[in-house]
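Colleague: Sequence:
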Amino acid sequence: MTMKLRSRLTLLTIIGLAGLVFLFMVTILHPASIDGNHAGESLYKAANSHLAMPRNLVDKSSWAVSNFTSADYQFHDEPARGHKINNVEESLRRKFLFKEKPHLEVDYAKGYINKVFTPARRDTELFTKEIYQMNPSQLIYHINAYRYKARRKGDKMDIFDNSAIRERGDSLKDWELWYLNISQYELYRHDDPVIDKLLYDMATLPIEHSKQLSGGTQLKLKLTYSDELEGLWKPMRFTRDTETLTNHYYFSDYERHTAEIAAFHLDRVFGFRRSPPISGRILNITEDIKQHATERFRKTMFYSPVGNLCFYGKCSYYCDSNHAICGHPDWIEGSVAAFLPSDDFAPREHRRNPWRRSYSRYKKALWETDRDYCESIRKKPPFDKGRVLLDLIELHIFDFIQGNMDRHHYEVYDFPEEWQNDTMPVVLDNGRGWGKMYKDELSILVPLQQCCQVRYSTLQKLLLFDEGPFKLSKILDYSTSKDPLYPILVGGHLPAADRRVKITLKEIQTCVAEHGWSSVVIDDGF
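If you're matching positions, the sequence shown starts at 253 in my numbering and goes up one per residue.
FYI, nobody ran anything at the bench for these hints, they're computed from the structure.
Just the calculated beta-carbon pair ranges, DEER-fashion:
{"no.": "1", "residue 1": "F591", "residue 2": "L694", "range": "30 to 38 Å"}
{"no.": "2", "residue 1": "D775", "residue 2": "D572", "range": "49 to 57 Å"}
{"no.": "3", "residue 1": "H767", "residue 2": "E480", "range": "46 to 54 Å"}
{"no.": "4", "residue 1": "E480", "residue 2": "D448", "range": "17 to 25 Å"}
{"no.": "5", "residue 1": "K463", "residue 2": "D622", "range": "42 to 50 Å"}
{"no.": "6", "residue 1": "S573", "residue 2": "K637", "range": "51 to 59 Å"}
{"no.": "7", "residue 1": "P721", "residue 2": "S573", "range": "44 to 52 Å"}
Glycine residues also receive a C-beta, built at the ideal position from the N, C-alpha and C atoms.
Please build the complete structure, drawing on both the sequences and the hints.
Modeller: Now the structure itself:
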């Protein structure tokens, strides 16, 4: 009996060990390497526990593949509905938005412009009682509509031949309808329903082709959709709560896909409408990138130790195996910016920002050492007349709120020629914004500090975002909630937006106290 019992125990032990070895082999193999993508995906869903914990640690703000469904692509009317949000991020967001104690409190209550500085105006629509009864969605529409009503509509660009438009009629695609409405002062109308359709298209339409774009410092892909729409895709590098390292220069920082998305919504909330539509998009590296990649690009692909598919491509910064971009296991987040019309139809002029940084670890730019720098800039074209200088000051206020120090150039349409300098700056390349939650980079506001000018309409917006009924953070959070990758801004980024509004108002008040209202606040008619 003893020998038989020992034999049975030995047999059971061998069977148990064989089973453990089989389970171990199943868990370490990448699903795509077993039997195609679909078989691999089903196997991964059946045995994904080995990656659940490292994925949560490495990427707290992404979905696990086992929980990823088509419903996650849908847009929602209210923040947090239907989204899978990390509990820590959600608690921090709610703690701030629902008036609990925020991360960082800075009291500038006595340091910014109040109604004592605001002369009586006939157009007091932004400060009527009605706005205090609006929800965030209504307030965003109100801000956009008010700015649109007061401003000259401007001329549209004749991008497409009118006869072709008449022939095609209702068959025009969403991106073509968007192109038709690009005008002298804005990239889209405040009430244009095609913009939200276009955002949905960028998040959901099948991708027909993708390729890495040459040029630039960091990796990016050009996506071509099934309806021939083209978009610029920037990948997720790290989690939303990862801040820029304190010892890193701005030109050494990663670009953030969430910064691109947040910048589009910030521009929309302010009513500038100078940024092309940008949406979040999750790609499958195998299907959307690898099968379209060149042999050279495929050589940069590999599997990580935990079975995730990675790539690093070719670029100036961070394109090596030590800074690879990895999926989970081959799904990855990114931002997609809709391509503007090509230069053949609507050429743009690339202009150097006079407040450009030196991009040197040892030298300072001229504006950093010359306190009267703005006076010399005012005398030079195109800043000596027209709207260009005020546009640039607004652009730096926009950059200050998002913490973007990388505005070395800007673009304007030089088509048609009669527009000259009477057109808007196009807001592109905001990937290095939203890198620090608690550091406010005041040097971004130097154009405002040195020139001491701001549009009255911009001051109105800042006052509205500061006084309420909703702070900028609440409206911005509501606007970004429509993106399929929501939440976009987490942790201290939302309180930082409100704090920077107050700091900007304080700087304007300093200018008013020194130079007087009429010299500082430029009446733009609304």
